[in-house]
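> All chains should be modelled from the sequences, with the hints used to inform the complete structure.
2 protein chains.
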Amino acid sequence: MTTPADASGTGPVDLKTLTISVLGGTGPQGRGLARRFAQAGLTVVIGSRTEDKGAATGADLAAATGGAVTGTDNLGAAEAGDVVLVVVPWEGHDALLESVKPALAGKVVVDCVNPLGFDKQGAYALKVAEGSATEQAAAILSESTVVGAFHNVSATLLEDPDVASVETDVLVLGDDRAATDLVQALADVIPGVRGVYGGRTRNAHQVEALTANLISINRRYKAHAGVRVTDV
Amino acid sequence: MTTPADASGTGPVDLKTLTISVLGGTGPQGRGLARRFAQAGLTVVIGSRTEDKGAATGADLAAATGGAVTGTDNLGAAEAGDVVLVVVPWEGHDALLESVKPALAGKVVVDCVNPLGFDKQGAYALKVAEGSATEQAAAILSESTVVGAFHNVSATLLEDPDVASVETDVLVLGDDRAATDLVQALADVIPGVRGVYGGRTRNAHQVEALTANLISINRRYKAHAGVRVTDV
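Sequence order for the protein chains is A and B.
When we follow numbering that gives the first Met the number 0, the leftmost residue of the first sequence carries the number 0, and every step to the right adds one.
When we follow numbering that gives the first Met the number 0, the leftmost residue of the second sequence carries the number 0, and every step to the right adds one.
Among these hints, one or two may not hold up.
[To be verified] From the structure, some residues in chain B lie toward chain A, with a derived Cβ separation under 10 angstroms:
hint, residue
1, 59
2, 92
3, 199
4, 231
Just so you know, these hints were derived from the structure itself, not from any lab.
A virtual CB, placed ideally from N, CA and C, is assigned to each residue, including glycine.
Here it is, written out as structure tokens:
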């Protein structure tokens, strides 16, 4: 699970030769993932709605990790990235992707968005016309290879510098083997995390929606719950 | 997680005083759960479409486990059970529940059904008008307390007498605390299994549908995958 082949099957991709961009990288989940990638020695570009906010978060993370993190606006980050994570709020997910679509052509795009609603009883899964955020991204980004991943990882744990190891698996969903292998390897760089192939894009909805259950579990057990797949 | 209180809060329910019925108990999943409950010393009644088939499976399991297992038709099993598991195929789920509804009034009903479709690319989640099998059961069984559970447990492992410990958590979904506590305790009787509260009934869909992902994982990794919740 740790040696992805590139699309031509000639060997594993060295993640350190790639730039990893995080659109919506100024929110807790995006910041947390960027922090962990930077700590692993990867080159990271934070994207934000404004260049100033992106640059500020990039500078903060560079100072905190000693890693190669910069920041700019979402379009600049989309252009800079070889692999581009989408960690934006569900509201505006479609509009953001439309706005950066040309910059993402030919790239692996990792959708990390959970379409959830919240009320007094907690979190619940929203209905998505395309089936899931991942499928919406795939429908919009017809020139990109879309993978779903990192849905269920606690932002609190990712962002906590005292948490050395984040004990969870990342289910990686997609229809392109080279792309899912690459994203599994990306997940594997975070100590404690393991990237596990989780099925095709059409089965992304339930993995996104499972975050609502983890929120319920966190409330009941005062935990930062994650998921491990057994027997794998 | 192992000492459920009864509805009046006067103390834990002793599962050994209850009869556990398994509707659809002649299929692999139902048989596997019945086997494990019987091994744990619980009294189990298998239900089937015909009394003969139910009785035969009950006799087989009694011989295999040395436990208190009998079998009959689904209506007889619904009448006999204090806690009634529904482990029938998705096709006919609604009709079966309608047919045994009066016998289930006032009881805890545990829906274990995964509405899945299968094609050349594997398994996928079916759309359910009520949202999930659990919610469909709750809509039909208005006089019962419906809980969703046991969706993701490998039938192969449950049925294998050489598997001493089934390494998985069971996510238990429901809106009634006493009922979810009881079903968590029921899960806990299976060695290796841990019952974990997984959220309200409205969040059952994704846990049912996650079985499609586990089927994909099983195919990719040649595994009998289960799920553990971390930090709980």
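> Does each hint hold? Answer for all of them.
How the hints compare with the structure:
| no. | hint | result |
| --- | --- | --- |
| 1 | 59 | 26 angstroms, violated |
| 2 | 92 | 19 angstroms, violated |
| 3 | 199 | 6 angstroms, holds |
| 4 | 231 | 5 angstroms, holds |
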